[in-house]
Structure formats: C-alpha cells, structure tokens
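Residue numbers (the working numbering), protein chains in the order written: chain A, 1 to 287; chain B, 1 to 287; chain C, 1 to 287; chain D, 1 to 287.
Each hint should be verified, as a subset may be incorrect.
A pair holds if it fits inside one copy or across any two, identical chains being indistinguishable in the list.
Unchecked claim - Pairs of lysine to any residue residues, derived as SDA-like cross-links and limited to a Cα-Cα distance of at most 20 Å, are as follows: (1) Lys287 / Phe49; (2) Lys287 / Val249; (3) Lys91 / Thr48; (4) Lys90 / Arg254; (5) Lys287 / Asp129; (6) Lys287 / His102.
No lab work stands behind these hints: they were computed from the structure.
There are 4 protein chains.
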Amino acid sequence: MDAASRRFTLTIACPDRVGIVAAVSGFLAEHGGWILEASHHSDHGSDTFFMRHEILAESLALSLDEFRERFAGIAGPFGMTWAISDSAVKKRLVVLVSRQDHCLYDLLYRWRSQDFAFDIPVVISNHEDLRAFVEWHGIPFVHVPVPAQDKEPAFRRILELYHEHRGDAMVLARYMQVLPGWMCEALPSRILNIHHSFLPSFAGAKPYHQAYRRGVKLIGATCHYVTAQLDEGPIIEQDVIRIDHGDGVEDLVRYGRDIEKAVLARGVRYHVEDRVLLHGHRSVVFK
Amino acid sequence: MDAASRRFTLTIACPDRVGIVAAVSGFLAEHGGWILEASHHSDHGSDTFFMRHEILAESLALSLDEFRERFAGIAGPFGMTWAISDSAVKKRLVVLVSRQDHCLYDLLYRWRSQDFAFDIPVVISNHEDLRAFVEWHGIPFVHVPVPAQDKEPAFRRILELYHEHRGDAMVLARYMQVLPGWMCEALPSRILNIHHSFLPSFAGAKPYHQAYRRGVKLIGATCHYVTAQLDEGPIIEQDVIRIDHGDGVEDLVRYGRDIEKAVLARGVRYHVEDRVLLHGHRSVVFK
Amino acid sequence: MDAASRRFTLTIACPDRVGIVAAVSGFLAEHGGWILEASHHSDHGSDTFFMRHEILAESLALSLDEFRERFAGIAGPFGMTWAISDSAVKKRLVVLVSRQDHCLYDLLYRWRSQDFAFDIPVVISNHEDLRAFVEWHGIPFVHVPVPAQDKEPAFRRILELYHEHRGDAMVLARYMQVLPGWMCEALPSRILNIHHSFLPSFAGAKPYHQAYRRGVKLIGATCHYVTAQLDEGPIIEQDVIRIDHGDGVEDLVRYGRDIEKAVLARGVRYHVEDRVLLHGHRSVVFK
Amino acid sequence: MDAASRRFTLTIACPDRVGIVAAVSGFLAEHGGWILEASHHSDHGSDTFFMRHEILAESLALSLDEFRERFAGIAGPFGMTWAISDSAVKKRLVVLVSRQDHCLYDLLYRWRSQDFAFDIPVVISNHEDLRAFVEWHGIPFVHVPVPAQDKEPAFRRILELYHEHRGDAMVLARYMQVLPGWMCEALPSRILNIHHSFLPSFAGAKPYHQAYRRGVKLIGATCHYVTAQLDEGPIIEQDVIRIDHGDGVEDLVRYGRDIEKAVLARGVRYHVEDRVLLHGHRSVVFK
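Work out the full structure: start from the sequences and follow the hints.
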C-alpha cells in the first residue's frame, strides 16, 4: 500500500446533540486531517448519532496511538463509542466451510485479486473436500470434524484456531453447522453468516424447499451477524433474484448460489471496511 | 378492437402424457388457427401439464361456441381443465379501495390509457374520499361503510354489487378490510389483493413497521389471490426495492407505494390476460 | 408544515482542502443548528468538495437572512458556491406536456398526495388534450401551440408564463418539442427532461425503435438537465427494465412508460430537495 | 448423466404459417417423445417462427440418426432451419483469456461444480499469468503470444487449436485482443464475448472511463456473438448495476467485474443449452 492511499477509518456512535460534527471535524482539521469520505446518520427514533470518516493517513500530524490518546478528550464528553482502524493493517478473516464451494471460490478470488483488502489466515472445515483448492492458494486448511454426538470440543478447537491465527472476524461461507450460543457470544458482531433466503422469510433449514413450496417469485440471500438466536442477528446485506414456475428446487439452489456469493462478498467488504455500525438489532451501513 | 388483433386465449391444465401438444395443435391447425403465442409448463413433481395459446381470432374457422363444443372432444380423453376467452370481451374488474389512492390512481391511468385491456364497472369504498376522482373518470362509485360492530351486511352488499355489475374479478387496491371467509370462497381465484410486504415475510398488520424493526435491506410487495387464510393465497407477482438505514417507517411507506402499484398492475394484467394458472397453492404465470 | 419538521438545506461546492467541514459545522454548532442529514463528496480528480446539510429550522438561532449574511464570512475565504433553502417554501415546477399523459398522471398524483413537497403553478401544453385532467386538480392549464413553421414566439410565451408563475424549475414530462438553445441557456440546471432511453444509448428520435432494432435485453429511461446540446445534459437519474425477444416496439413503449415515470419522479424529487449538485457535466446526487 | 435426465434439444426456425406446431408435435408424439420444455416465438415483423423443444431422450423410439433422417421429411416442406443436440454430449468451449482472471475463475468454478453442462478442452492466453490456476483444474493451458507487429500467425494458431481440441464454441473471457474479421467469419455465432459496457453505449476501448466521463448512474455488461464489426454482434444477455458519484473509474472497474462474470456465465449457459436462436442481428433467447 502506497502512502498516498493509506487511510484511517474513524467510526463513532453517540447520543445525538448539537456540536458533534463540529467537535470531530475541528479536531481533525487541527491535526491536518484530510477527509476523503464522511458519512453521518442521525437516528430519529433513538436520538443516536453515527459517523464514519476516512482520513488520508499521511495528512494527519498524529500517529494512531497519539490520535487515540488525544481523541479520548473529545469522545468522553460526548459519550462516544468509537474506533479507528488503519487500512495498512488488513483484517484477518477466518473462513469456515463445509462441502459447498461457491462462496469459498468467490472469496478466494477476491482475496487473490485484492478486490478489497483482507487476509485469510486459515480456512477451517468439517470436511476434507476443499483442502486442495485452499492450499493451492497458499492458505492453511484445517480439518475439524464435528461429530454429531459431541460437537463441543470441535467448536472449542475452532475458537482456539481463530485466536491462534489472530482472527479479526469469522466468515461462515455456507458452513452447515449451527454454532453454540457461547461461541456466538464470545465473538459479538464478529461472525458473519450467509443465509440462503431473504430473511425473515424461510429461516432455518432448507430455505429453497420452503420457497418453492410457498411459490414465491423472487428468492434471496442474507448476510448477517450471528447471534445466539439462529437467523435472527442484525442484517448487513440482502439481495434477490427473479425465478418462475419453471424452476424446480434444484434450479433455485443453482441460481441461489450466485446471489449468495454476491451478498456475502458485499457483506464481508462492508465489514472489513468498517462500514457497518450496529444499532441494537439493526445495522447502519455506510456504503 | 380491429379484427387483425382480436385473439382467443386457450388455457389448459391436465395430467402430463405424450401427445397433448400434438392433439391440441392438430385441432387448431385443422381449423386454421394461427398461433400468436404459445407457452407450456410441465410440472415434474406432480406430472401436471399446463398450456396457454393465443390464437388469431379471424384465422379460426370456428365461432367460440363451435370451438367449445368441438374442443370438448379433445379435452375429455386427456382429462383437461380448460377455458377459452375472447380479447374482444374485456374483463370487468370491481375495484375496492379505502382512503389510500396510489393504486387507484395507477389503475385508473392504465384503464384510461388502455395500457392493457380491462373495464372497471364500479369502484366500491368504505369511505367517501375518493368519489370525486373516480367519478371524474366516468366510473360509478359506491360507498359501502363497514361498521366495526357488524360487517357482514356490508360484505353481502359488496358481493351483490359485484354480481349486479357483472364482475369478472375483484381487485383490492389497498382495501383496509379483511374479507370474510365465505366471501373468499364465493370467488375463488377471482379476488386479487396487494399486500405491502414481500410475503411470507411480514404478513398481517403494519408490514412496514415490522420491516423497519427487523432491519431488512429491501422491502417489497406481493400481489396474490385472496383465500380464507389471510395473506396465504397463491402469489401472482412480487417485487422489491432497496432501502437503507436512513429510511424511517414513513419513508418505507412512501417508497413502498411505488412498488405496490407496480406489482398490483402487473398482477392484474397477468390475470386479465389469462396468464395465471393455478396449481394448488402455487401459480404458473405465462408472461 | 409543522415547526418540528421544517428544515433548511445548505448546499456547498468549493475547492477541497483541510478544514472545510470544521468551519461549516463549527458555524452551525455556534448558532445551535441541529444537523438532521449531512452528505459529503470529495472529488479526487478535480479536488472539489461538495456538501449538503439538512438543519432543523427551529434549532437555528438565526433567520435565513441572518444566516446568509453571516455565512458569507465563511464562504468567502473557502471560495464556496453555496445556497440555502427553506422546506417551508415549496419549489414551483412549471410542467410542460404534449399528448402523452403517464408522467403527468404520476406527477399530479405525487403533488396531490404530497409524496414529496412541491407545487405546480401551471401546466403548459402544445395540445388541448390534457386540459380537463389538469384542471380537475385545480391547476391552471395553458395551451401554447407550437406551429412547425414558426416556433420562436411559442417558446418566448412559455418562458413568460414560467416567470409570471414564478417558476423555480421546468419539467418536460414527455414534451415532444425540442427547446431552442437560448431557452436552455436562460434556465441553466432548471429544466428537467425525461428521455425514453438509457442515455447515451439511443439519443434523439424514436429510442424504442432504435432499441428494438439493436436487440438490447434491457430498456431504460434517463432524467437529465436540458442543455443546448440535445440529450447531452448532466444525468440526474436512470433506470432500466428487462425485456425479451417476444416484446415488439409497442410493448417497449408500454413497459417503458412505467420506467419513465418512475425515473422522472425520482429525478424531480432529488432536484426539489436540493440533492443535485453539478460538477461540470456530471452530477453529484446526495440521496 | 443418468438415462432419466438425458434430453434431446430440438431447435427450429422457419417461415410462419398454420400447422407448424401440429406437424412437429405430431411427429414427436408418434415416436413417443415426451416434451419436457417447449418454447415458441412468432416474430410478427418478419413472419418467422422459432421453436425449441427439450425431449426426454429415453422416451423417444428413435435414435438421433433416425430422428434426423425422418424429421427431414417434416422440415423440408416447411422450409425449416433446424438442429437437434444431445445433453449427454457436452459442448466444448475453448476459452481465451489475457491477464484478468475474474471471468475465468467464474467459468472454472461453474465447470468444476457442474453448475451447467459444458467442457473446457483448453484455455488459450496471450500471457502466461493464468497457467497455474488453469492447470490446477486439470485443463490444458496454451500460451499463444500475439505480437503487435504481426498478429495473424497467432490467430491462425488459435483457430488450429480450436479445431484440434474439437471446439464447439469459443469464449472470450476478457481477452484483450480484437479478432481479425476472417476469424469471426470462420466461426459465425460460435464466438461469445463479454463487453464491459451496456451496449450500444460505450463500445470500443475503455468503456468504464467513458461511462465515468458521461456520468451515467448505472453501468453494465453485454454478452454477444462476435462478428467482423467490433461490438456490433447480436446481443445474448445484458445486465447493469447502480453506481453513484462517489465511485471513481477504479470502482467502476471493480464493481463491473461482478456484473461481467454474471452476464458472461448466463450468456454461455444460454448458448450451450441451445437457447439462443439468431434472427438476423437480433437474438431469440428461450430461457
């Protein structure tokens, strides 16, 4: 990454009041910060304010550590929840897969082509099938079987691997296991899933079969954060495609793959670019 | 309608087997029938076959009555459910509205501009608000109040009006009353509703509020046939539009109007052009 | 409009540098301005910065006149081009139509239902056809014939009517006359047109015929500002719909109407809500 | 492929008249042919009729050779151009690439996962970059440099390779060379290209730069057959995605990749499933 494109991303949520933008932009200006991108959202129902700034790193007269120290003086009085990240430090996504490979193919393509900036330190699977393809990309592949009669050790091992590989987030790329509640709670807003329906329709198992039986005219996919409540976590991104009466379940599965990988890729990008701020059960996504 | 564009539309459903198309197209060819449009669907799960033909009326050496008489000889052996309609006879849609006028505006525009062929013999409402606009178009408007404490007489009156005006179908253009089960059963596959959500998500009341609370990224609308099970009837058409975190409930309502009227218009067109064939709970829509 | 929802909209364009946001938001905060919505765009190619703020009117300790006077002190040093508008003052759109009424129906519906805030002081047409429908809405209708052999007096009369009715913008709602160059230049960024193609494809006459001949799989519509170069003005909004080989030119015309009115409505809304800032030949649209 | 899913696909184009469907479906019924899918199109402007049938192979009492021999007796009198293909024989697509790999990744994924049925006997490139990825899939990779000063021998070599590998079609998956006219003419309706714009907008070089400069609000991609007229061949499939003022040329390139690969994949599928029939410069696509 060349200096000219390195950026710091500052995200903020706080109670809404007059003067927030003035305080933040005043601070940035004082230290020479060139704003490349800025987004605001004022949530009228809850009187909460959300901001995201991308600042040209080389313009700022402060190191990140100095920024953090000094900005605390602004953040405190306004009651801000905030974070700042550095585009030179790629987020590390631990990817979990089972046997289906369409989302994995897509993520590996985007990683290899640097479609957007992220790293994959390890791919974990409950099956061996995709080892060769992952390893061809030079990425470690770990097989963690999840035996039906005793799944807990497997999930403990997965969480260990996540920490060993210094994961910043976990991506369930059509991973066909339900994570235990304690694991979801251990990584809040850090586990992204792709569900193969337009939630809240067709939560749970076999959504394409459900969609076929109901006779819907569009099918969709949903990228969401995983919480202890299955398919109930905050939605990051969704999309749909048109089907018709001539399409059987197997066609829905086939066409669905294209929308699943597209929605997951967008959701992952929004997450790694710090575009997603949570507001209770809802998400603010600054595109 | 000039002779050159008058067409007969033949729709057929029957158990699937070899020879159906040959028998039907052989019959049409024998009587000079020029096929303008033909659609087939073979439902693998149920072994049911569906067909729709548009035949140039002036090419056929038979009157409609003769057609009906002779075609029965084909239909019987194949166990066909079938119908034939004449584009010179416009379908008569009895429209029910409450106070919201976006779907009504849209339907009246399409009727007046002959966007597709249909008539509106009467508009019925539980409020007086839209009388002047309807009457300006030269269409009778009947106010049938639906008092909360005793709704049955109102619905009996509406069904009477439907028959008095020789209705072919009833369109609920954001009519804010739930029809009684006996009325739904009296007009099977003849009552079209527009529901302001992407069913089966957010059935029932206040779907935009439900959608807002769930934090979905797309909202939709569904045109479906009304059955005694609220919001459970066969779906004819659906569509969605993208929203974002900046949109409050009132924005969803506002943007939703555009998708509601578009989806209702398409659903109504498919119905009046005999493009919708039912297959249990699902619809075959030959576009 | 109640006090709680009245808002001032401030739009700014200026050379990009550090400190713009700080200066503007500092000024707003100093005078109590509650920011409801804020959008920024930094154009990297040209080093130009664009901003739009919606400020709660009742929060501001300044009248609009005082705001204008004092804000000049900020705007000058930064070289800002800027404007501030008051949502309590509806923009007055002079609508021009010919015989086709789909865009007119749609605009009148949105005006009557207050889908978004604007007024229509007069509708002008080169034909009498739509007089009754316009007048039913209580809006004056003026017939200005445009004789092929001498069009100039007609356009001079139209511009007079625009000024007599204190127009803020002119909307060509499928007006089938090409405006003279002097008229386009008299109202820069004030005349909105809907072109029935996805520009730059199929500029000029009969775009649906052109689209049919080329065999495209999607057709579209474009809302743009009118300049002296036909169909070359800055684009505000575009959209498309899918067609197929079964659709003849007349079907394209029919389906196209739906996309034309939707695109025009969005373009008009962006304009009246001061969401469109021009950047040479391109538009910044803060949605 | 199991017997139960093997199918023959019969495509026909001929002058329109009464009796075509009767003759074809009569012939099929006579030989026991079970119709799985049937599509018709009657082109009113040219009085040409198009048909496509998928017939269950095991239901037919004729071998393909017998079918061809006997069907000639029907085809002759009606002046049919026709073909029949066997789903058990996969079409062989010779893929040409340069350095960009997004379309290649997508095609290899679809080939490997049998998303739809086709083979890739060889990938040819004017660069070495993608050799390892192609060979990992077990597919031969041939480097054919195309020196600027003398390109003809390269294209002759490519055509030789196409024939050596018994190609059924050639797919230009972002191949950055213009094919010579004689090569386009040698393989009419056999070379598919993906152009990175919504044609006819932005034909030729650097379409994303052109789109950026014009300020369009949607960008697209077009899959078309290659003819001697650059970017003028019959269109098979198109699609678009929304962009906004914040997107620079590099963003258009990035988002464009997703739409390019999706459009190319659909176009290739339509081609290999014999869903595309040409009608002069336009295509009939039976989806």
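Hint check results:
Proximity of Lys287 and Phe49 under a CA criterion of 20 Å is satisfied in both settings, with 17 Å inside one chain copy and 18 Å between copies. Taking the shortest Cα distances, Lys287 and Val249 sit within 20 Å of each other only across copies (17 Å), while inside one copy they are farther apart (33 Å). Proximity of Lys91 to Thr48 under the C-alpha cut-off of 20 Å is found in neither arrangement, the shortest distances being 27 Å within a copy and 31 Å between copies. Taking CA atoms no more than 20 Å apart as the test, Lys90 paired with Arg254 passes between copies only; the shortest distance there is 19 Å, against 32 Å inside one copy.
With identical chains, the CA atoms of Lys287 and Asp129 are never at most 20 Å apart, being 35 Å at best within one copy and 33 Å at best between copies. Neither within a single protomer nor between protomers do Lys287 and His102 lie at most 20 Å apart by alpha-carbon distance, with minima of 25 Å and 23 Å respectively.
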